[in-house]
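Asker: Sequence:
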Amino acid sequence: MIARIRGLAPTSQLVLALGVAVVIGAVVTLAPGTLNVATLLACLAVLAAVAVLTQWLWQNHRGTDWSNAFTDPHPPRGTDPRVNRLAARVDAAVAGDAVAQTELHDQLRTLAEDRLRSRHGIVLDGGPDHTERARAALGADLTAYLTNPPTTRLDHARVAGYLTTLEEL
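For the sequence shown, counting from 1, position 117 maps to 117 in the working numbering; every step adds exactly one.
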């Protein structure tokens with residue numbers, strides 16, 4: 001709720017706070033027991049509290065800093081969970097897991113398509129001209145692997161070679 005209020009423009013925050021104050025004041029004043037001076041003072045106190053809250057929100061309108069001074073902001077190399085998942089997927093694919101082989105193939109194909117498109121203007125399935133240019137950039141073995149469904153089991157050396165080729169694009 002506070003995040004949504006902070007997302008509003010400053011003038012919208014002020015209008016919202018004033019609206020809440022008016023509604024609270026109207027409810028308290030229109031209640032049957034509000035003829036008492038103490039109740040009117042309580043209403044003014046609530047109105048003042050809302051005004052202070054509005055002023056505080058207005059002045060402190062910035063994102064929350066979730067940094068933790070007790071941990072290293074730069075984790076050691078190799079602790080990225082995405083890399084760990086990829087390594088586990090490669091190990092499973094090399095061991096013969098068909099699902100992992102398909103996932104690894106899809107991931108390598110996506111990476112190759114992104115690299116070819118962004119750096120060379122080549123679309124992997126863009127026709128014979130694009131296929132020849134992809135073969136020249138990737139090599140015949142990697143192009144054949146990426147354009148066909150995975151049929152053979154990869155070994156670590158082949159995966160490492162494919163990744164090196166993709167890194168060098």
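To be clear, the hints were calculated from the coordinates, so they are not data collected in a lab.
Misleading hints may appear alongside valid ones.
Claimed, not checked - Now the in silico label distances, taken between C-beta atoms and shown as ranges:
1) ASN148 with ASP114: 16 to 26 Å
2) VAL15 with THR102: 49 to 59 Å
3) VAL83 with ASP141: 45 to 55 Å
4) ILE5 with VAL123: 38 to 48 Å
5) THR102 with THR11: 11 to 21 Å
6) ASP97 with ARG119: 23 to 33 Å
7) ALA87 with PRO149: 40 to 50 Å
8) ASP114 with ALA9: 32 to 42 Å
9) ALA49 with ALA3: 20 to 30 Å
10) ILE5 with SER118: 16 to 26 Å
11) ALA87 with ASN60: 36 to 46 Å
Small disclaimer: the values here were computed from a predicted structure and weren't measured.
Yeah, the Cβ is synthetic: ideal placement off N, Cα and C, and Gly gets one too.
Asker: Just to be sure I understand the hint, the distance between the Cβ atoms of THR102 and THR11 should be within 11 to 21 Å; is that true here?
Answerer: This hint is violated: roughly 54 Å between Cβ atoms.
Asker: Determine whether the Cβ-Cβ distance between ASP114 and ALA9 falls within the hinted range of 32 to 42 Å.
Answerer: holds, 38 Å
Asker: Please test the hint of 16 to 26 Å on the beta carbon pair from ILE5 and SER118.
Answerer: Violated: the Cβ-Cβ distance is about 40 Å, outside 16 to 26 Å.
Asker: Is 45 to 55 Å respected by the C-beta to C-beta distance linking VAL83 and ASP141?
Answerer: Violated: the Cβ-Cβ distance is about 24 Å, outside 45 to 55 Å.
Asker: Is 38 to 48 Å respected by the C-beta to C-beta distance linking ILE5 and VAL123?
Answerer: holds, 46 Å
Asker: Given the hint of 23 to 33 Å, is the C-beta distance from ASP97 to ARG119 inside that range or not?
Answerer: holds, 31 Å
Asker: 40 to 50 Å was suggested as the range; check whether the CB atoms of ALA87 and PRO149 agree with it.
Answerer: Check failed, 23 Å falls outside 40 to 50 Å.
Asker: I want to verify a distance hint. Is the separation of the beta carbons of VAL15 and THR102 within 49 to 59 Å?
Answerer: holds, 55 Å
Asker: Should the hint that ALA87 and ASN60 are 36 to 46 Å apart at their CB atoms be regarded as holding?
Answerer: The hinted range 36 to 46 Å holds for ALA87 and ASN60, with Cβ atoms some 44 Å apart.
Asker: Cβ-Cβ distance between ALA49 and ALA3: within 20 to 30 Å?
Answerer: Holds: the Cβ-Cβ distance is about 21 Å, inside 20 to 30 Å.
Asker: Is 16 to 26 Å right for how far apart the beta carbons of ASN148 and ASP114 are?
Answerer: With a Cβ separation near 19 Å, ASN148 and ASP114 satisfy 16 to 26 Å, so the hint holds.
Of the numbered hints stated above, those contradicted by the structure are hints 3, 5, 7 and 10, listed in ascending order.
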